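There are 2 protein chains.
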Amino acid sequence: MNKVKVHAPATVANLVCGFDVFGMALAEPYDVMWVSLSNEPGIRFTHIDKYNLPTQPEKNVAGVALMAMLENVPGHKGFDVVIDKQIKPGSGLGSSAASSAGIVVAVNHLVNNIFSREDLVRFAMHGEKLASGVKHADNITPCIFGGITLVRSIFQLDIVPLTAPPMYVTVVHPQIEVKTSDARQILRKEVQLKDAIKQWGNIAGLVAGLLKEDYGLISRSLEDVIIEPVRSMLIPGFDEVKRSCKEAGALGGGISGSGPSIFMLSKEEATAKQVENVMKDVYTRLGIEFRTYVTTVNYKGVEIISE
Amino acid sequence: MNKVKVHAPATVANLVCGFDVFGMALAEPYDVMWVSLSNEPGIRFTHIDKYNLPTQPEKNVAGVALMAMLENVPGHKGFDVVIDKQIKPGSGLGSSAASSAGIVVAVNHLVNNIFSREDLVRFAMHGEKLASGVKHADNITPCIFGGITLVRSIFQLDIVPLTAPPMYVTVVHPQIEVKTSDARQILRKEVQLKDAIKQWGNIAGLVAGLLKEDYGLISRSLEDVIIEPVRSMLIPGFDEVKRSCKEAGALGGGISGSGPSIFMLSKEEATAKQVENVMKDVYTRLGIEFRTYVTTVNYKGVEIISE
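Protein chains in written order, with the numbering used here: chain A, 260 to 566; chain B, 260 to 566.
Each hint should be verified, as a subset may be incorrect.
Intra- or inter-copy, both count: the list cannot distinguish identical chains.
[As the list claims (entries may be wrong)] Computed list of lysine-lysine pairs in BS3-like fashion (alpha-carbon distance at most 27 Å, straight line):
#: 1; residue 1: K438; residue 2: K453
#: 2; residue 1: K438; residue 2: K309
#: 3; residue 1: K453; residue 2: K388
#: 4; residue 1: K539; residue 2: K262
#: 5; residue 1: K559; residue 2: K471
#: 6; residue 1: K264; residue 2: K453
#: 7; residue 1: K471; residue 2: K262
I should point out that these hints are in silico values taken from the structure, not numbers from a laboratory.
Treat the numbers as computed from the prediction; the structure is a model and nothing was measured.
The task is simple: from the sequences and hints, build the whole structure.
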């Protein structure tokens, strides 16, 4: 085969209490990407969306990820890549990760799957480095593996897929800009030991809740005393959205990645839709444009659609 | 009934990466305690061990725990308590927790089990407060619940029992004194965010490893970049013990509670015995007296032996 189409899903990093370690893939939205082998050397990008992303490979997150991959592929020639980006850059929904993860999964398929999923995460992390200045893997990993994932360790990469009970995810993306690099810079370099202890109680609780399918424990563990109090200041309406969504029956939730999107988990679809209404009400009242999604956890990760 | 005998087990707090949140009960050693209802008001302690612990109830950890409990028991009269302490105070093996947990479980049995296990944890924490100045529950909880436990939250007490695959535990107690209060005071009040992130990766990994019965993941997650580097300085031979035990096949381990005891987990009993030999070699060479145990996880917690 010499051509492949993939869907690369949006992802929610951190899952409230697990900054830089937890991530979750969503069924929607997703980017669509077509990748073709070419006899003409070089990597050529075409964007058919409205985001004016760079097309020079070394300035494009997918390009950087692909170049890192190609250092390990002997005898390749060229690639034509067409991207229809549906995950808005800067949304906090892993837009850059979808590009990086999508292209490495697509090209791995074209070269007969010679790389493991861990290898693909390592390549795709080069795209994240370009996008945010940091080689993080909390979006890349669920994007490639699907489901909910733990990155236990990033150097000596150690990825742990986590099972979970059925859950619905409601997302609101208020159309304001929060850059990942800015959202990282406002974090303090040190945290109080007493806060760290609360955080690791919640992290352990969330893993146990997911694996034991204990919705109550999941709900109680979706608490962040370290990152959210700082980052939420960048997101107008955050406190009200969170409080109102929980009152509407959501298990809990918080900032998706570095924001500004906010996600909420619900046990039932009806609750997830009610949560969407709550989110719409808040941002309509605040006069901030927004986009919402009611979706589920995506257990496939980047998906090969056709060849 | 008006008399009960209990075994109150030793416990390992923290489990390396989970300072103040994880704990594990051991099959050995355990304290033996006899508690009798009496028509003569008051609480009377008799120690039949060599440790000269205080017998005034308000200075005795079991006494303080019992008094906290009795505020909630109408119409009680008096108690005679005999303790044969086998868990040496100051060992890092939850000696004070065994006293506090043992007495509240025993008395709950005598008053027809009117209290939940969570209630008993709350009462017993008063004993920990007397012993160490802090109302912590990471020894109390596994002592009462048995097995491996997570204390997700201490105010709004939230206890999560964790399943685990079969494991053997080797413990060495070098006969030096490390006071819990001292071991807490040398900890920094702030931790680096990057270290906290490593720690929560390991905490999440340990919970996932235990619940998924993945020995490799358990082993990789038994890493502490925050507390151990500081506290281990108080324990001569620590680094050598840890390195040598892992070379001998242990999954991993570290300081038990605030030390000076060191524990190691192994998948096989033969490995656990080999690990014991390694520990003996190190402390024999260092000229430090020690005591070792090769035991298993205790899933019963404080056990009623006879009435």
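The hints, checked one at a time:
Proximity of K438 to K453 under the C-alpha cut-off of 27 Å is restricted to the inter-copy arrangement: shortest distance 20 Å between copies versus 29 Å within a copy. In the homo-oligomer, the alpha carbons of K438 and K309 lie at most 27 Å apart inside one protomer (19 Å), although the nearest pairing across protomers, at 64 Å, exceeds that limit. In this assembly of identical chains, K453 and K388 lie within 27 Å of each other by CA distance solely across copies; the values are 17 Å between and 31 Å within a copy. Proximity of K539 to K262 under the C-alpha cut-off of 27 Å is found in neither arrangement, the shortest distances being 40 Å within a copy and 63 Å between copies.
Proximity of K559 and K471 under a CA criterion of 27 Å is satisfied in both settings, with 21 Å inside one chain copy and 21 Å between copies. Taking CA atoms no more than 27 Å apart as the test, K264 paired with K453 passes in neither setting, with 48 Å inside one copy and 38 Å between copies. For the homomeric pair K471 and K262, neither the shortest alpha-carbon distance inside one copy (41 Å) nor that between copies (39 Å) is at most 27 Å.
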